[in-house]
Amino acid sequence: MNWTKGIAKFWNTIQIVLIYIIAILLVYFMFPREGKFRYEYTKNKPWMHENLVAPFDFPIFKPDQQVQSELDSLQKNEYLYFLHDSLVGNSMLTNFYRDYNSIASSMGLGENISERWAITSQLIANILQEIYYTGIIERHPVLEGKEPEQTPVMVVKDDLAEEYRLTSFFTLRSAYEFVGKEVEGASASSLTILSRMNLSDYLGPNIMYDE
Numbered sequence: 000m001n002w003t004k005g006i007a008k009f010w011n012t013i014q015i016v017l018i019y020i021i022a023i024l025l026v027y028f029m030f031p032r033e034g035k036f037r038y039e040y041t042k043n044k045p046w047m048h049e050n051l052v053a054p055f056d057f058p059i060f061k062p063d064q065q066v067q068s069e070l071d072s073l074q075k076n077e078y079l080y081f082l083h084d085s086l087v088g089n090s091m092l093t094n095f096y097r098d099y100n101s102i103a104s105s106m107g108l109g110e111n112i113s114e115r116w117a118i119t120s121q122l123i124a125n126i127l128q129e130i131y132y133t134g135i136i137e138r139h140p141v142l143e144g145k146e147p148e149q150t151p152v153m154v155v156k157d158d159l160a161e162e163y164r165l166t167s168f169f170t171l172r173s174a175y176e177f178v179g180k181e182v183e184g185a186s187a188s189s190l191t192i193l194s195r196m197n198l199s200d201y202l203g204p205n206i207m208y209d210e
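The opening position of the sequence shown corresponds to residue 0 in numbering that gives the first Met the number 0, with each subsequent residue numbered one higher.
Calculated from the structure, these hints are not laboratory results. One or more hints might be untrue.
As the list claims (entries may be wrong) - Using 25 Å as the maximum straight-line C-alpha spacing, the simulated DMTMM-like pairs for lysine to aspartate or glutamate come out as follows:
id	residue 1	residue 2
1	Lys61	Glu49
2	Lys180	Glu77
3	Lys156	Asp209
4	Lys61	Glu114
5	Lys44	Glu137
6	Lys145	Glu161
7	Lys145	Glu210
8	Lys156	Glu210
9	Lys145	Glu77
10	Lys180	Glu137
11	Lys156	Glu114
12	Lys145	Asp209
13	Lys156	Asp98
14	Lys145	Glu162
As the list claims (entries may be wrong) - Pairwise CB distance ranges (calculated):
id	residue 1	residue 2	range
15	Glu129	Glu39	52 to 58 Å
16	Leu86	Ser199	17 to 23 Å
17	Glu77	Asp200	31 to 37 Å
18	Ser199	Asn100	15 to 21 Å
For clarity, every value in this text was computed on a predicted model and none was experimentally measured. All C-beta atoms in this analysis are idealised placements derived from N, C-alpha and C, irrespective of residue type, glycine included.
Based on the sequences and whatever the hints tell you, model everything.
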């Protein structure tokens, strides 16, 4: 009889232990485990795996007023891209030298005056080079309503983009005014030649909007 009770007690103990083990296993497998990132990456190194894209889409609901406000903000703060065209300045300088020398030669004055013509010719050329180095920005509809002091633009030159403000550039009008101011001290004979030329013919935008 005692032997039978001992066997029964032993099996009861085994059952209790098994129940505990099963309970622990259930808790272990049912408890959420931390996900493991299956990819390797190194800081400051390019991503070497395929793009990770969610396998589903989900909508984002926003009021129309909020959407419009965000669009207006993006348009207000977006960068406008312009291209620096170095060929414009080179072409204008070539045209200026050609026309200036043609008029000077046709006047047929003395050697001393010709020397002064050459000095004035170089003066104008230097002014034009300075203007085109700074840049004459194209008057494009995209700039309408923009505040020059608050509008950043990106100018691409030699495959490099650099940020500027609109006030960093000449307009056609301000470039013409700059030329007129700089040639005020030219000699009378040189002014005679310049009076036969329209200096605005040698001014054109070299900062062009990138469509």
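Which of the listed hints are broken here? 1, 2, 4, 5, 11 and 13
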